[in-house]
Amino acid sequence: MAKKTGVFICSGCGIGESLDVDALVKVAAKECKAPVCKTNGFLCGKEGVELIKQDIAAGELDCVLVVGCSNRVNYEAFDFGPSVVVERVNIREQVAWSQQPNDEDTQAMAEDYIRMYMAKAKTVEAPEPYIAENLSKTIMVVGGGLAGMTAAIEAAKANYQVLLVEKEAALGGWLNKVYKLAPVKAPHTELEDTNLEARIAEINDNPNIKVYTSAVIEKTAGGPGLFDVTIKQNGNEIIERAGAIVLATGAVPYNPEKLGHLGFGMSPNVITQSMFEEIAKKGTITRPSDGKEVKKIAFIQCAGSRDQEHLPYCSAACCIESIKQSLYLKEQDPEAQAYVFYKDIRSSGQYEHFYKKAQMAGVMFIKGDVTDVSEGDEGTLVIEADDLLMGDKTMADEIDLIVLANGMVPTTAFEEGVYMGLGAVAAVTEGAGEAAASCDAPAVPPATIIKSNILNLQYRQGPELPDLKYGFPDSHYICFPYETRRTGIYAAGSVRRPMDMGQSVGDGVGAALKAIQCVELTEQGAAVHPRALDISFPDFQLTRCTQCKRCTDECPFGAINEDEKGNPLINPTRCRRCSTCMGACPERIISFKNYSVPMIGNMLKAFEVPEEDEEKPRILIFACENDAIPAIDMAGISRLQLNAWIRIIPVRCLGSLSLVWINDAMSRGVDGVLLLGCKHGDDYQCHFMKGSELAEIRLSKVSETLDRLGLESERVQARTVSIMDYEVIPKMLAEFMEKIEELGPNPMKGF
Amino acid sequence: MVDNKISSAPIKYDNTFAKEIYSLENGHYVKMCMQCGMCAVSCATRQIMDYSPRRLFNLIRAGKKEEFMRSNTMWMCTTCCMCKVRCPRGIPLVDVMHDLKALALKQGYVEYPQAAFYQAMWAEAFGRGRVFEGGIMARFYLKRGWNEIKKALGMKDLGMEMLKHGRMPIVPPRKIKGLKSLQQIIQRAQSLQEKEAK
Amino acid sequence: MVNNTILVVGGGISGLTTAIEASEVGCEVILVEKNAYLGGKVTQINQYFPKLCPPNCGLEINFKRIKNNPKIKCYTMAEVENISGQEGDFDVTIKINPRYVNENCTACGKCAEACPVERSNDFNYGLDKTKAIYLPHEFAFPAKYVIDPKACAGSGCTKCADVCQYGAIEPAMEAKTVTIKVGSVVWATGWNPYDASKISCYGFGVYPNVISNVMMERMAAVNGPTKGKIVRPSDGKEIKNIAFIQCAGSRDENHIHACSSVCCMASLKQVTYVREQYPDAKIAVYYIDIRARGKHEDFYVKVQNEMNAVFIKGKAGEIKEDPATNDLIVIAEDQINQVLTEEKYDLVVLATGMQPATALSKVPAAMSYDEDGFLASDPASPGIYGAGCVSKPADVAAAVQDATAAALRAIQSVRRRNNG
Amino acid sequence: MRYSVYPGCSLEATALSYMKSLEPVAEALGMHLEEIPDWNCCGASVASGVVGDFAQQVMTARNLALAEEKGLDILVACSSCYMNMGLTNKRFKDDAHFAKLANEALAVGGLKYNGTLRVRQIVDALVNDIGLDKIKARVKRPLTGLKVAGYVGCQTVRALPWEYDDPERPVLLDQLVEALGATAVPFPMKARCCGSSHAIAQTEIVLDCSREILESARSNGASMMVTPCPMCQLNIDAYQGMINKTYNTNYAIPTLFITQLMAIAFDLPPEASALKYCIVSPYEALAPLGVGK
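Protein sequence lines correspond, in order, to chains P, U, H and L.
The first sequence runs 1 to 751 under the numbering used here.
The second sequence runs 1001 to 1198 under the numbering used here.
The third sequence runs 2001 to 2420 under the numbering used here.
The fourth sequence runs 3001 to 3293 under the numbering used here.
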């Protein structure tokens, strides 16, 4: 518990010109009884910082309130080491720069913020890390294909122990099937050997890598640093401990049986890309039907891909693969004819050079929709197509071999249909239903998890990585492609998203880095992205738990399991510190040392709520610190005027919103509560997936209660803001204020 | 560009003709066309071409020799080099068109007046070492016959003006001294080129 | 003695990522950025495809990661001049150009109010102006002002210094050179939009209403020169008729040979910008191939179905201008309909491609490059690695993926040496 | 400064005025021109279409071979000749196999070309060798007030793109015009093709192309066009009457070679400006400058 709190008020950057700083001092020193309270005209300057340092040294302050600018700036100036808790009270961007200068309401706002943060200081504590025992730093790679082998080799090169698990008898995966690789280096025109033997040798020779072939994973228990993986290998069960996991099980070709309309099954001479690789690998490229050397070949692109009936997505690799395969034939017989029927040639980036190479070799590219594939004489085939660039029907006959570019489906998209995240299950299964009813549990929007029988995670929320779309367990974030909803497990290669071989290699390396990072941070008891290095973690007072399952349902990362009695079993190394569980818990038994329900509760009880006749309403704003708070800062930096009645409390994520805060605020006579969080839905922006969405669901529950109490539920509303919405925020607040004025003052005032 | 759908549908892809084209001096460049259409836009005579160069190349790929030979595309080329400068695949279209004209001439497709003009001017250059407007016209009109001569009469004002301003000598310039050796050089070059083609 | 510090050159999304990811593994990292702020090109992008989310959101997180992480040291306004030595033991000289504003700056903004002169705002590609002392943009990190010496009135004028209460302004500040020792280097200097004025037939730089896709990003951004309103540069008029021209300089033997890989998606995204502001505007996209790879196909389908844009298969060949109205006429071969089209537009956006920064300024070490100047994937100098768009044309997700991989290579590089 | 000169056939006939003005202007600027002895036709834009590029380029190479011993840059007036000479020369430098083969053919005439020369278009030499300042300094009769459309034509800038100017938006000719004191009007068609190669075979193409060019010049307020290309000059000047007849228009835009305009600005004797060869009379346009018959 912070006891000695020093308050340091900066009067620079126009604060002094728009606020009565002495009055602020009074509030801090007299009213809040801060043992130390000083002001300075340039607090972030050497002299100002020195001032604070001296008092820390002298008075052994264990908490410092820096009353001035936003914590987005001058962070390094106000870092006094881990033993001193620093709270930044933003009266620059949020008050001086966005409120009427020298106005009593502006003054009141600044004073309230001091009260609120003094209250916070009472409960806030410096967190200590949770450091688990017997942590492993071993990286487990699942899948011995190109991406997996790369991840294994690269992690080992950085001096980490690696477990490589492959279900087939030999390593190599897809590489075992292919004849050659498309170019991955300049000049981007030459076919490259798979170097499979060399790769496997490198793995076998590396003492850091332990390989399990013909092995599957029975189950994966634990969490980062503590994954206990049961590997089944020819009848035996081996249990290995790993620190982090790279999932690189790849993709498989789209089932050609479904491509009858393109002639598959009609003739043995209509084959898939992988079948063609095998033929090319054997040596001479011949017709399956009669072994005749192939003189004329046709490739049909987007066979299944870019087709709402089959695979709506583009498989990303097929154009390159067909270009490569057409060159196989040209290599064998420069006189042979090769046609490629395409929608768009997607030889992106430097693959354009490879496309040119095929053109130079005489491969003919026809932008056309194939309308019919039929059999000609002597096992030949005929393709009819609308040639879009000739504006005419075209026909290619006497074709020896047709290769369907049949795209890819991730290995995570298979088996046993679809398994919903427990949220949904909880809502339907009886027991959970009652439990839910007992604390009117909101139905959690379920994450889709496909039981693909790869990792078999012992997670209450389901056995595999959540699916993003089309069965790919990809990241939803553009700037964070290795974002994962299962801490310490990173997908890489064509299992993550459709990609070509070159990308898979890079992806394997990237995922290896993330896995390494995870074990290193876990060892320090720190969180991984996005709250990287955060050492706080949730503490559960299980004695008061009612087994309502809300925390286990709502944790976006599946960090919480359940014992047989239905008590939550937290896995701290899985925790990402989003505090969604804290907001979910109706009993308020979950809290962090530096973030808790009572702490925020104290803050919202600390500001003054004027009497009704003063006609000074109060609006409490819970703002997500990731996007909403910076946006509000931006409004200040752009000197936009904000409403004078607001009091802002930053939260880690709206997912941490506890309904008791709403009740407390209402019963204090606060006239309105506004939640500012990130966009949700398909293109959600919430950094913890569903935080803002959950908050709104909780709100929908509280509104009934409010209505029962005769309080209009419109007094409590949620809005989504993006970090760029700072221009919109003033209007947003004004509109909400209008609504509140319509409703009139909160009747609970003065009770 | 004259919209000209290929008559006999469907086009049957057959690359024997394409191979013939690829074997020409600049013919292999045709392979590099990615069908972007830049040439169609850049052409000075795009409005009167029946097939844009891009479409012509498609005819070649499809093996539509007759449509190709009858098309006016290569004959309409003014060698202004705009397409050559712009082609994103770096195809020297002007040079390709030269080959295509030469091929057409060789195979006796001479119905376009340009064909006659080319032959006339070449005969002039080869026979004299330098060209003489009067000579070219004479040869051209002889080749093209009565209709063209009528057209020529329509141009007599122009001729008069040229004469009046001393810009159309009636006497041809004398042949160059080294004519014989020039002709031998050219013939040698042609035979070397034929060897190259094989 | 092996040095375990990793030097990252370039503070764009790739460099930031490499630096942060490596530091979160526990490495000491030095990040060098030539601009006055971190974030590079993505700070100038309005929204990312296909989510249409603001880059500042992810940057805010990354900056927070830097703030919380003492292992990263950042130099802004700095350039690497020389690299000598070998893997595990490089000597690097860094030139730090003068900011003329010191660490005392609180970004209160008084100086800019006082400054009497203006400069063309390169952050907005010259579409508006700032004062000679300026904050590059609202989200600038570090949040410190900077003086443009070319624009500054110079010693005669002390207006900014006079109003600054914090002694932050140092007109006498000079460039200084520091030499550091590092174990490995990641080169992530990113890309530049290809100079579209080299594509004569499009008249960029001649016709005011022919703009590049990067300019479009600024125009669409709320913190851009037009506060997010997409209008004609020539007269500020609203848009009725707009064309996007793909492969403006990419896939072109006369310009960038490679495909820039992002322009198709970027234009599809910009179609949504226009449609949002102009429900009735005519929108056309001239293309050779639409390269919406992987799951990006969904976005292409969405734009086709919902944005009411015309897709014309045919590279736009020529732009003519009506000097009276500054309207533009785009000529192309509509290959699906086999006709030449001449369409009138009031704004034309060139999807100018990515030229690697290394095409113009090479790594001061023996490295190999491909024909477009991209760093070749197998480095000639061990211990120096390319990351992001200096290695290949890449969108943000691909650049970040590549940068994450580069972090591991850099770490291996120092650890390998440690093993001896 | 010494140059070898390759006049080309048209400068002996339809473009006499080009040669007649080039020589004195060059002399006035201290350029010594030495005609390549017994030069032959380059094959124009036609020979390749009959005998193929190689044969034509060998034919052209004969001229290069004849000039090589002097070691001087070759000045080329005609755009077609510039294209053939320039491309052939480039190929000798870039393509060893070609050079070997071509020399095999040249050997029949006892000739050889080692690819040591530079082929220069006249505008290139004037701006980049002599320089605009020196030309400005030489101006005796500034062409103040004369509105000129600088018609560059096609092959002069596109045969070897970026060799000395932008192949689509050239600027050097305009700079030259301005250096003489005249005003270069904006002229979007400055690098458009006049259709010359169809002049005889399909005249209407020339008429159509040239009409557009004339229209653009007039609508931009030009009282005169100048060009460095003999074909452009011929078509715009000689065919103007036919154009007027065919489209019943009334263009009367004199078209001079840039060297003729320079002769006027340098105030050289009348035979140097060789105006009598103009079919569309230039005198009205030039009257304000005191230039008469």
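Simulated from the structure, these hints should not be mistaken for laboratory data.
What you are looking at is a predicted structure, and each value in this text was computed from that prediction instead of being measured.
Quick reminder that beta carbons are idealized off the backbone N, C-alpha and C, glycines included.
Hints are supplied without guarantee of correctness; some may be wrong.
Under the rule of at most 30 Å between Cα atoms (straight-line distance), these lysine-lysine pairs were calculated in the DSS-like manner [claimed, not checked]:
#1 P/K258 to P/K219
#2 H/K2320 to L/K3147
#3 H/K2110 to P/K53
#4 H/K2302 to P/K180
#5 U/K1012 to P/K393
#6 P/K33 to P/K122
#7 P/K593 to H/K2051
#8 U/K1019 to L/K3100
#9 P/K137 to H/K2344
#10 L/K3147 to U/K1198
#11 L/K3112 to H/K2198
#12 P/K343 to H/K2051
#13 H/K2229 to P/K343
#14 H/K2095 to P/K46
#15 H/K2034 to H/K2150
#16 U/K1019 to P/K180
#17 P/K38 to H/K2198
#18 H/K2073 to P/K53
#19 P/K4 to H/K2095
#20 L/K3112 to U/K1198
#21 U/K1198 to P/K292
#22 L/K3100 to L/K3090
#23 P/K679 to H/K2073
#24 H/K2110 to P/K343
#25 H/K2071 to H/K2159
#26 U/K1065 to P/K343
#27 P/K739 to H/K2320
#28 H/K2302 to P/K469
#29 P/K731 to H/K2229
Derived coverage of chain L by chain U (criterion: at least 3 residues anywhere in the stretch with Cβ under 8 Å from a Cβ of chain U; other residues may be distant) [said to hold, decoys possible]:
#30 3033-3047
#31 3105-3118
#32 3138-3149
#33 3219-3225
#34 3251-3265
Some residues of chain P that are not near chain H, with every Cβ distance over 12 Å (derived) [to be verified]:
#35 G16
#36 S83
#37 A158
#38 H188
#39 E257
#40 S289
Checked hints:
1. P/K258 to P/K219: Status violated; Cα separation ~33 Å.
2. H/K2320 to L/K3147: holds, 23 Å
3. H/K2110 to P/K53: holds, 28 Å
4. H/K2302 to P/K180: violated, 36 Å
5. U/K1012 to P/K393: Holds, at roughly 9 Å.
6. P/K33 to P/K122: holds, 12 Å
7. P/K593 to H/K2051: Roughly 35 Å between the alpha carbons, so the hint for P/K593 and H/K2051 is violated.
8. U/K1019 to L/K3100: Answer holds: U/K1019 to L/K3100 is near 26 Å, not above 30 Å.
9. P/K137 to H/K2344: violated, 63 Å
10. L/K3147 to U/K1198: violated, 56 Å
11. L/K3112 to H/K2198: Violated: L/K3112 and H/K2198 sit about 38 Å apart, past 30 Å.
12. P/K343 to H/K2051: Answer holds: P/K343 to H/K2051 is near 25 Å, not above 30 Å.
13. H/K2229 to P/K343: violated, 35 Å
14. H/K2095 to P/K46: Judged against 30 Å, a Cα distance of about 26 Å means the pair holds.
15. H/K2034 to H/K2150: The hint holds at about 17 Å.
16. U/K1019 to P/K180: holds, 28 Å
17. P/K38 to H/K2198: Outside the cut-off at roughly 61 Å; violated.
18. H/K2073 to P/K53: holds, 23 Å
19. P/K4 to H/K2095: violated, 45 Å
20. L/K3112 to U/K1198: holds, 25 Å
21. U/K1198 to P/K292: Between U/K1198 and P/K292 the Cα gap is close to 29 Å, so the pair holds against 30 Å.
22. L/K3100 to L/K3090: Holds, because 14 Å separates the two Cα atoms, which is no more than 30 Å.
23. P/K679 to H/K2073: violated, 33 Å
24. H/K2110 to P/K343: Judged against 30 Å, a Cα distance of about 57 Å means the pair is violated.
25. H/K2071 to H/K2159: Answer violated: H/K2071 to H/K2159 is near 38 Å, above 30 Å.
26. U/K1065 to P/K343: Holds, at about 26 Å.
27. P/K739 to H/K2320: violated, 54 Å
28. H/K2302 to P/K469: Given that 30 Å is the threshold and the Cα spacing comes to 15 Å, the pair holds.
29. P/K731 to H/K2229: holds, 18 Å
30. 3033-3047: holds (count 9)
31. 3105-3118: Holds: 6 residues of the stretch 3105-3118 of chain L have a Cβ under 8 Å from chain U.
32. 3138-3149: violated (count 0)
33. 3219-3225: violated (count 0)
34. 3251-3265: Per the Cβ count (0), the hint is violated.
35. G16: Given a closest Cβ separation of 10 Å, the condition is violated.
36. S83: Answer for P/S83: holds, closest chain H Cβ roughly 15 Å.
37. A158: violated, 5 Å
38. H188: It is violated; P/H188 is separated from chain H by about 7 Å at its closest Cβ, not greater than 12 Å.
39. E257: Fine: 23 Å to the nearest Cβ keeps P/E257 off the interface.
40. S289: At about 34 Å from chain H, P/S289 clears the 12 Å cut-off, so the statement holds.
Violated hints for the displayed structure, listed by number in ascending order: 1, 4, 7, 9, 10, 11, 13, 17, 19, 23, 24, 25, 27, 32, 33, 34, 35, 37 and 38.
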